[in-house]
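S.K.: Sequences and hints are given; from them, build the entire structure.
Sequence lines, in order, name chains A and R.
No gaps in the numbering here: position 241 of the first sequence is 247 in the working numbering, and each next residue is one more.
No gaps in the numbering here: position 274 of the second sequence is 280 in the working numbering, and each next residue is one more.
Careful: at least some of the hints might be erroneous.
[Unchecked claim] Label pairs and their in silico Cβ distance ranges: (1) R:G20 x A:E71: 37 to 43 angstroms; (2) A:V14 x R:E72: 21 to 27 angstroms; (3) R:K431 x A:K278: 15 to 21 angstroms; (4) R:K105 x A:T9: 38 to 44 angstroms; (5) R:V26 x A:K86: 50 to 56 angstroms; (6) A:G167 x R:Q100: 32 to 38 angstroms.
[Said to hold, decoys possible] Each computed DSBU-like pair below joins lysine-lysine, with the alpha-carbon atoms no more than 35 angstroms apart: (7) A:K168 x A:K23; (8) A:K297 x R:K433; (9) A:K417 x R:K297; (10) R:K107 x R:K433; (11) A:K83 x R:K297; (12) R:K120 x A:K150; (13) A:K23 x R:K67.
Just so you know, these hints were derived from the structure itself, not from any lab.
Fair warning: this is a prediction, and the values are worked out from it, not measured in the lab.
C-beta: ideal position from N, C-alpha, C; glycine also.
There are 2 protein chains.
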Amino acid sequence: MKTILYPVPETWDGLCKRPVLENKNIDTTVRAIMKKVKTEGDRALLEFSKLFDKVAVTEMKVGKEEIEESDTHVPVKLRKAIIIAKKNIEMFHQAQNLKAKVIETMPGVRCWRKNVPVEKVGIYIPGGSAPLFSTVLMLAIPAKIAGCRQKILCTPPGADGKVDPVILYSAKLTGITEIYKIGGAQAIAAMAYGTETVPKVYKIFGPGNQYVTKAKEIALSEGIAIDVPAGPSEVLIIADSSADPEFIAADLLSQAEHGPDSQVILLTDSKKLIKKVNEETAKQLRDLPRKSIAGHSLLDSLAILFSSLDECIEFSNMYAPEHLIINTENAGELAGRVINAGSVFIGKYSCESAGDYASGPNHTLPTNGFATTYSGVSTDSFVKKITFQELSGEGLKNIGPSIELMAEAEKLLGHKKAVSVRLKKLKNV
Amino acid sequence: MKTILYPVPETWDGLCKRPVLENKNIDTTVRAIMKKVKTEGDRALLEFSKLFDKVAVTEMKVGKEEIEESDTHVPVKLRKAIIIAKKNIEMFHQAQNLKAKVIETMPGVRCWRKNVPVEKVGIYIPGGSAPLFSTVLMLAIPAKIAGCRQKILCTPPGADGKVDPVILYSAKLTGITEIYKIGGAQAIAAMAYGTETVPKVYKIFGPGNQYVTKAKEIALSEGIAIDVPAGPSEVLIIADSSADPEFIAADLLSQAEHGPDSQVILLTDSKKLIKKVNEETAKQLRDLPRKSIAGHSLLDSLAILFSSLDECIEFSNMYAPEHLIINTENAGELAGRVINAGSVFIGKYSCESAGDYASGPNHTLPTNGFATTYSGVSTDSFVKKITFQELSGEGLKNIGPSIELMAEAEKLLGHKKAVSVRLKKLKNV
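M.R.: So this is what it looks like as structure tokens:
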């Protein structure tokens, strides 16, 4: 980790900058992939599967039986863990699904807002070295709670042309039965445009590599909604001298192992802690299977010493981290001062892993500074909040004259007339 | 209006299509304007003001005194109407500002979600033939309720170089005191990038012409959030034989007068109603000050006869209108079956004008079919919902083993270790 001592405020902005991953070739490549899927449909998908996944897929849709029997391939212990995580995630996301509440703003003017599910949603789950079934839970559970009618999932096939059973098991457990063996930018294109086999959806969720991210960005510009703008994952830890360096090191490494571009930052008011954390990190790194990735990410990571925890939280708010761990004695108080962050972990026992897997809140969060304006995925992400209003004759009498005056002042006489014709009839009743 | 009788379902998709306003020149022009503002700052803004608004602005920021004395230029009656609208909008949007509620997903695992305001927001209010002060209310009120720290407003100066007093009055009334005389794409650029005078914001709200819309689209692609994707305004009315043709005609015209590209659609199961509405519309059009605009828009509008109200609501859900008026005997029941719409007006006295100005719900809504996935502006639009979690030692003991198993199955051993080191220490306590 690079250590920075007492940076002056003028340098903070620079310290908050994320690395820019600009790659013009990606844009051209992804646009070409998407265009081909749009025009050629399934044929293009099968071709890309051969090319990128090195697999000759014959049937893109995963069969009913394969999904049904997925349980048998997942160890009982893991299934139990997944069921516990599911229950917690459900409980947290169910509480977000609020019933409409009528507000009578004036006598006879009844207004409310109702959660109505997005009809068709698509979930992308990346392949890679391990099956990311936790993201299946994080996206499929709120989609189910919201009541989305059509929920599909795309994920690349493994070398054996199959989808990992734990992905299938997690999908089945959370109500998804339409699963396609398609990966990468072509999967995003398939869900954005629809093909003979894959239905078009209105909103696309899920993480992925730079190609997937670019494809989602292009889909967004073409009118398909997406979950959150993406970027490399991040953790920022605020810790004081009371923190256990072993915990801090483990938390830093758990973020660093995500990828070589993971952003890892430690803020503290204790110089001693930085030293101890560095020692502890080096020690723990040795045993980490993904040590080359984590080590790479650590090279660019920062340990910043501030003169107070006040400065730490101020800097954190400027940085707007995806994950913020507050491991200080006054963690609860500092948490109350968070302005910009995706998700906050309070106190020494609240490690990011808890939220990544099982505590309840969602792990799909805004990165790259987007936490200044965007929220993480929640049940809200799977619904529209439609407003309704119902005016009685009395209601229109109460509010009508104000509307007439305002419409006239905006020179929209048609708007005024829509009220006037009704008020006239009401007089004659 | 074009009348279409009993369209077969295969044709519905075509009938739902919005006109495509593609103009490549706009893209080039707006990018040039934005680039100039980004590099030259205030100097570019003053130059564009001269060029586009035909006004030599010397001071872009509206002075304190000018805002203070705006009251005196707004008729008392109009001020009273605005205050009534403000109260209703406040009441409706205040109810959306929910307090955080702690969910204990397992003993010792406490999680919650908290509304935290977007720190810096910008509101754009277009110029044109009349001052759109109602949009000031619709955007400034939820911004205030959310608690946004910095709220700025840009609006083009009139021919006299001033901002209309009713805009200033509405802004002052709703807590906005930072107002800049800047219009068009250059105003969006100023708020997106910041200049010597105009502060950079995180999220930009407000309607505008094609240049403003394009500028917001470009800002979005560069990481600045925006309210909702924009398009021409729309109303879809579902009416049966019980509806008063005079009301329907007035509602259609109140939408048609917005602009020549306004989308106006009537769905009904009564052929007679279409005839009567046509007659009534022709009659009312004669007296409308904006009759040339409304007449133009009506030419492209549709009256569609279906064999049942079931088909009407089905078509409406496919069209996903910005505004949906349901003027039928069973309006409440039909409203319960709405899947895609921005805002719904139920029954004969609920005209769109009520929601446009004063009933309480927001009038900034998704158009162009975006109601399939997007919600209108609400207090939610001005906050992020940050999740928090706090695990006690007991909580981690309860949930830890599940996290360890799941992390291991995802081959993220660093994630597992963040739990294990803590559980180990807890054992030794």
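S.K.: If a hint holds in the structure, say so; if it doesn't, say that too.
M.R.: Okay, the hints, checked on the actual structure:
no.: 1; hint: R:G20 x A:E71: 37 to 43 angstroms; result: holds (40 angstroms)
no.: 2; hint: A:V14 x R:E72: 21 to 27 angstroms; result: violated (39 angstroms)
no.: 3; hint: R:K431 x A:K278: 15 to 21 angstroms; result: holds (19 angstroms)
no.: 4; hint: R:K105 x A:T9: 38 to 44 angstroms; result: holds (40 angstroms)
no.: 5; hint: R:V26 x A:K86: 50 to 56 angstroms; result: holds (53 angstroms)
no.: 6; hint: A:G167 x R:Q100: 32 to 38 angstroms; result: violated (55 angstroms)
no.: 7; hint: A:K168 x A:K23; result: violated (40 angstroms)
no.: 8; hint: A:K297 x R:K433; result: holds (27 angstroms)
no.: 9; hint: A:K417 x R:K297; result: holds (12 angstroms)
no.: 10; hint: R:K107 x R:K433; result: holds (31 angstroms)
no.: 11; hint: A:K83 x R:K297; result: violated (72 angstroms)
no.: 12; hint: R:K120 x A:K150; result: holds (23 angstroms)
no.: 13; hint: A:K23 x R:K67; result: holds (30 angstroms)
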